[in-house]
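K.L.:
Listed below, chain by chain, are the residues.
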Amino acid sequence: MQRFDLKSLAVRVGGRLDGSPDVEVTGVASIDDAQPGDVTFVAQSRYVPRLDDTGASAVILAEGVETNLPAIRVKDPYLAFLKAIEAFARPIEDSFPEGVHASAVVDPTAKLGEGVRIGPHVVVDARCEIGRDTVLGAGTVVMRDARVGERCLIYPNVTIREDCSVGNRVILHPGVVVGSDGFGFAKGEGIYHKIPQIGRVILEDDVEVGANSCIDRATTGRTIVAKGTKLDNLVQVAHNVRIGQHCVISAQSGISGSASVGDDVVMAGQVGVAGHIHVGDRVQIGGKAGVPNNIPADQAVSGIPARDHREWRRSNVHISRLPRYAEELAELRQRLEELEKANRASSSTNA
Amino acid sequence: MQRFDLKSLAVRVGGRLDGSPDVEVTGVASIDDAQPGDVTFVAQSRYVPRLDDTGASAVILAEGVETNLPAIRVKDPYLAFLKAIEAFARPIEDSFPEGVHASAVVDPTAKLGEGVRIGPHVVVDARCEIGRDTVLGAGTVVMRDARVGERCLIYPNVTIREDCSVGNRVILHPGVVVGSDGFGFAKGEGIYHKIPQIGRVILEDDVEVGANSCIDRATTGRTIVAKGTKLDNLVQVAHNVRIGQHCVISAQSGISGSASVGDDVVMAGQVGVAGHIHVGDRVQIGGKAGVPNNIPADQAVSGIPARDHREWRRSNVHISRLPRYAEELAELRQRLEELEKANRASSSTNA
Amino acid sequence: MQRFDLKSLAVRVGGRLDGSPDVEVTGVASIDDAQPGDVTFVAQSRYVPRLDDTGASAVILAEGVETNLPAIRVKDPYLAFLKAIEAFARPIEDSFPEGVHASAVVDPTAKLGEGVRIGPHVVVDARCEIGRDTVLGAGTVVMRDARVGERCLIYPNVTIREDCSVGNRVILHPGVVVGSDGFGFAKGEGIYHKIPQIGRVILEDDVEVGANSCIDRATTGRTIVAKGTKLDNLVQVAHNVRIGQHCVISAQSGISGSASVGDDVVMAGQVGVAGHIHVGDRVQIGGKAGVPNNIPADQAVSGIPARDHREWRRSNVHISRLPRYAEELAELRQRLEELEKANRASSSTNA
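Chains as they are written, first to last, in the numbering used here: chain A, 4 to 354; chain B, 4 to 354; chain C, 4 to 354.
No wet-lab data here; the hints were simulated from the structure.
If you're wondering where the values come from, they're calculated on a predicted model, not measured in any experiment.
Careful: at least some of the hints might be erroneous.
[As the list claims (entries may be wrong)] To give an idea of the chain C side of the interface with chain B (calculated C-beta under 8 Å), a few residues:
1) 165
2) 168
3) 342
[As the list claims (entries may be wrong)] With a straight-line Cα cutoff of 30 Å, these simulated DSS-like cross-link-like pairs (lysine-lysine) come out:
4) B:197 with A:114
5) C:197 with B:86
6) C:197 with A:190
7) A:114 with A:190
8) C:230 with A:197
9) C:197 with C:86
10) C:197 with B:78
11) A:190 with C:86
12) C:197 with B:10
13) B:190 with A:78
14) B:78 with A:78
15) A:197 with C:197
[To be verified] Quick list of the computed label-pair ranges, beta carbon to beta carbon:
16) A:17 with C:320: 31 to 41 Å
17) A:14 with C:97: 20 to 30 Å
18) B:347 with C:336: 18 to 28 Å
Quick reminder that beta carbons are idealized off the backbone N, C-alpha and C, glycines included.
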């Protein structure tokens with residue numbers, strides 16, 4: 004367990020100590036979850052009253068906000084809290100010992116960088132390259148001719164297939180599959196004949212891929228996830244997809260074959276993107292949206308099929324009013340018919 | 004293969020034997036699938052005629068229902084059938100031998116309870132605790148400081164990450180990931196900076212998690228799945244989620260970060276729940292629903308966005324009638340214009 | 004790396020050489036991705052102009068289309084390109100050495116066919132049968148009494164549970180789970196009691212299952228995926244489902260318990276099929292559709308709930324016009340009220 008006296012922690016997060024320097028903190032927690040020993044934070048004034056009930060031993064707080072708790076005073080309490088989390092995060096070496104475990108099977112033609120941490124039952128096949136300081140968790144399999152960069156953190160039970168390339172500082176969570184075959188068949192005489200999938204996957208630097216997500220290799224050429232893009236759990240990236248830089252793609256979303264996604268795109272959960280389309284830079288896609296067509300840059304879209312987000316919200320309001328509209332329609336029809344009847348009566352009177 | 008003479012099976016399921024006690028049954032099956040050697044059941048009168056065509060050698064049946072087959076007579080045929088299934092289920096020891104397989108890598112500081120069954124290529128890291136009679140299937144990895152309770156059944160290729168806690172009698176199906184990082188980043192200068200995820204996952208007693216489902220650890224604090232809750236395959240539970248007791252969450256559903264789900268909630272397949280919301284006790288959520296807002300207790304909801312289930316069904320009927328409404332609108336407009344024309348003509352006549 | 008001179012490649016793909024026979028090609032690529040050394044293809048006339056900019060060293064092309072590149076002339080350039088891909092695909096033995104790796108744990112009662120390739124850390128339990136020339140990738144676990152046919156390609160980290168049966172020439176991608184428990188519980192006194200899942204899974208010949216997909220065993224009887232059917236990544240097939248022959252089911256789709264799917268069905272991505280229903284032969288289901296009811300053969304459906312595809316498209320057009328319809332309704336109401344007012348005035352005048 005990590006331990007800090009409040010004075011050292013104030014230094015770590017760049018704040019001013021306001022209270023006893025000897026208070027010892029052993030964890031960080033949100034205001035509602037905090038127990039004695041935890042440091043918490045308040046970033047918005049509406050949470051200040053909850054300080055009276057928190058179990059925390061100390062709080063990170065802006066100047067001028069009153070509290071009886073020992074405090075670390077900072078300009079931006081949320082950012083300082085993130086620094087406190089980093090202070091308490093356990094280093095890699097606590098979980099993954101250095102060196103190659105005796106049970107790992109590393110092909111003699113594979114190249115291992117200095118400082119690698121290769122766990123039990125790992126497999127590194129012929130001609131693979133594993134960069135320095137990279138971790139391969141237990142049970143992970145790296146197939147022939149694949150390349151993993153430096154300072155990567157590959158968790159247990161990951162599969163990286165042949166010829167694929169993983170950049171530097173990439174994180175792959177447990178169960179991730181990189182380079183599975185694209186879903187490509189040629190139909191002939193009622194039978195699907197497999198099209199061999201001979202392309203690769205390129206994950207650029209600083210990519211992170213969530214647990215049990217799958218990234219298919221290209222049929223020919225490359226499936227690419229560009230620099231700094233983060234994929235959540237159970238995400239599907241099909242063959243020949245290209246995802247740009249610094250995108251965030253939430254859990255259970257799927258990108259179909261040969262689609263391209265620009266830079267700085269954000270997808271909420273369970274989004275689906277059709278094949279062969281382009282999603283422009285900085286597009287934001289709402290949860291559960293289905294995107295059948297190209298989306299120009301800077302749009303926010305939602306719905307199935309996806310359309311402008313505000314328009315989609317307006318549609319939903321109108322859909323909820325449909326029973327009322329149907330009644331109004333019936334009512335107008337009735338009143339119209341009465342008018343028509345009256346007119347017919349009146350015109351026969353006039354005649 | 005398990006074998007019972009009909010007399011012993013009648014005793015096992017608490018029924019009255021009606022036919023030869025020497026009939027031997029070697030399996031259980033539904034009425035349409037049953038082969039000679041199988042015992043089947045009929046619980047609803049509309050299935051009785053199918054008894055003429057079944058291949059079954061015996062049937063579990065209410066008193067008074069006629070059949071030529073050897074029968075076990077019971078009050079509740081479905082419940083008795085479940086007991087017959089239990090009778091035929093193979094015991095754990097048939098699939099998982101006792102003891103620690105020679106190829107498993109168990110850290111000397113780990114504590115193993117009596118009667119554990121630890122399969123080939125399993126990894127149990129430093130300071131882990133594995134409760135008595137618990138099974139760890141082949142290739143499963145339990146990372147440092149994690150705890151698995153008693154009588155758990157952890158199937159092959161599961162990953163339990165550091166510091167997580169699994170209760171008693173928990174079942175984790177193959178490929179499950181417990182404690183993967185929450186999907187949390189702080190954006191600065193166009194780049195996503197990882198927020199270390201230093202919290203844990205708590206799976207309480209009698210939880211079951213389906214194949215390849217993922218449960219993320221909390222950013223700080225705990226992600227909790229409470230007692231008796233069952234998750235199906237490919238389910239996503241994000242960081243800091245709390246799911247109550249005795250919920251049933253069907254395949255491919257996802258719960259976003261910091262959402263809380265009450266007790267006795269039922270979700271059909273492919274549901275999505277947004278972050279930071281609360282789903283009340285006993286709420287029922289229809290398949291494919293997207294839940295963007297809090298749902299009060301005891302509601303049944305469906306749709307994207309989710310709303311009252313009956314209201315959603317009504318909306319769908321109205322949506323299917325939209326082409327007709329559009330025609331009616333056009334027709335009313337035309338008739339109105341004719342009336343207006345007639346009125347203008349008449350008023351100029353009158354003038 | 005595979006290498007062909009253009010003359011040999013022309014023979015392989017059944018085309019006529021048009022240019023120097025000594026040009027050497029080392030890969031295949033689409034027209035935009037191609038680099039020197041690659042052979043590309045043009046199948047549609049609108050792509051012909053791009054030949055001027057391609058990096059390719061040679062092109063597969065119909066007779067009569069002009070180009071300065073060395074060409075292989077064929078009748079159907081796309082089909083010939085597929086043959087070129089096959090020519091460049093690396094054989095199985097490049098990735099999976101023959102024999103049983105020393106670290107694999109194979110029960111003495113298991114039967115291994117000739118020519119099997121069993122990787123590191125594989126587990127084959129008691130009484131399993133592995134057909135000849137079948138590959139089991141590293142870390143794959145085959146539990147007791149399971150059977151895998153001939154010439155199968157089982158990638159790393161797959162789990163095949165007890166009693167399940169996999170046909171010939173089946174491909175299972177990394178992380179696939181075959182035979183996990185069906186999601187079945189009997190509720191009693193507020194608690195879900197597990198119904199033992201004692202059935203099996205049958206994957207027939209030529210089935211392919213994508214990465215991290217899950218196929219649950221039957222409660223009793225069998226879950227079946229019939230001959231030639233292809234499942235993409237992250238697909239869920241629940242207990243007692245029967246999927247017919249030559250279906251294509253795209254990523255992240257899910258089929259609920261006891262549903263049956265006919266032959267030659269095509270599902271796009273993220274489709275959901277409800278339990279206990281039947282999807283007829285040759286049905287086509289659009290992306291993200293939710294199918295709550297039986298679908299007769301030969302239908303194309305989309306939407307949630309799924310309905311005729313053209314009807315669904317028409318509905319979407321009408322939904323996008325709802326704001327306009329609402330305005331029209333308000334306008335008609337106003338004009339109607341003016342008419343009514345005028346009529347009242349006129350009738351009091353007339354009176």
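K.L.:
What's the verdict on residue 230 of chain C and residue 197 of chain A, does the C-alpha distance respect the 30 Å limit or exceed it?
P.N.:
14 Å, holds
K.L.:
For the pair supplied as a hint, residue 197 of chain A and residue 197 of chain C, confirm whether the alpha-carbon distance does not exceed 30 Å.
P.N.:
40 Å, violated
K.L.:
Holds or violated: residue 190 of chain B with residue 78 of chain A, Cα cutoff 30 Å?
P.N.:
Judged against 30 Å, a Cα distance of about 18 Å means the pair holds.
K.L.:
If you draw a straight line from the CA of residue 190 of chain A to the CA of residue 86 of chain C, is it 30 Å or shorter?
P.N.:
Roughly 14 Å separates the two Cα atoms, so the pair holds.
K.L.:
Would the hint linking residue 114 of chain A and residue 190 of chain A be met if the CA-CA limit is 30 Å?
P.N.:
Between residue 114 of chain A and residue 190 of chain A the Cα gap is close to 41 Å, so the pair fails against 30 Å, i.e. violated.
K.L.:
If you draw a straight line from the CA of residue 197 of chain B to the CA of residue 114 of chain A, is it 30 Å or shorter?
P.N.:
29 Å, holds
K.L.:
Below or equal to 30 Å on CA atoms is what counts here, so check residue 197 of chain C against residue 10 of chain B.
P.N.:
OK: residue 197 of chain C and residue 10 of chain B at ~25 Å, within 30 Å.
K.L.:
Under the criterion of a CB-CB separation shorter than 8 Å, is residue 165 of chain C in contact with chain B as hinted?
P.N.:
Since chain B brings a Cβ to about 5 Å from residue 165 of chain C, closer than 8 Å, the hint holds.
K.L.:
Do the Cβ positions of residue 14 of chain A and residue 97 of chain C conform to the proposed distance bound of 20 to 30 Å?
P.N.:
56 Å, violated
K.L.:
Holds or violated: are the alpha carbons of residue 197 of chain C and residue 78 of chain B at most 30 Å from each other?
P.N.:
Holds. Residue 197 of chain C to residue 78 of chain B sits at ~21 Å (cutoff 30 Å).
K.L.:
For the hint 18 to 28 Å, verify it against the beta carbon of residue 347 of chain B and that of residue 336 of chain C.
P.N.:
20 Å, holds
K.L.:
Decide if the proposed pair is consistent with the structure: residue 197 of chain C and residue 86 of chain C, CA atoms, cutoff 30 Å inclusive.
P.N.:
Not satisfied, since the Cα-Cα distance of roughly 51 Å exceeds 30 Å.
Comparing the model with each earlier hint shows violations of hints 2, 6, 7, 9, 14, 15, 16 and 17; every other hint is respected.
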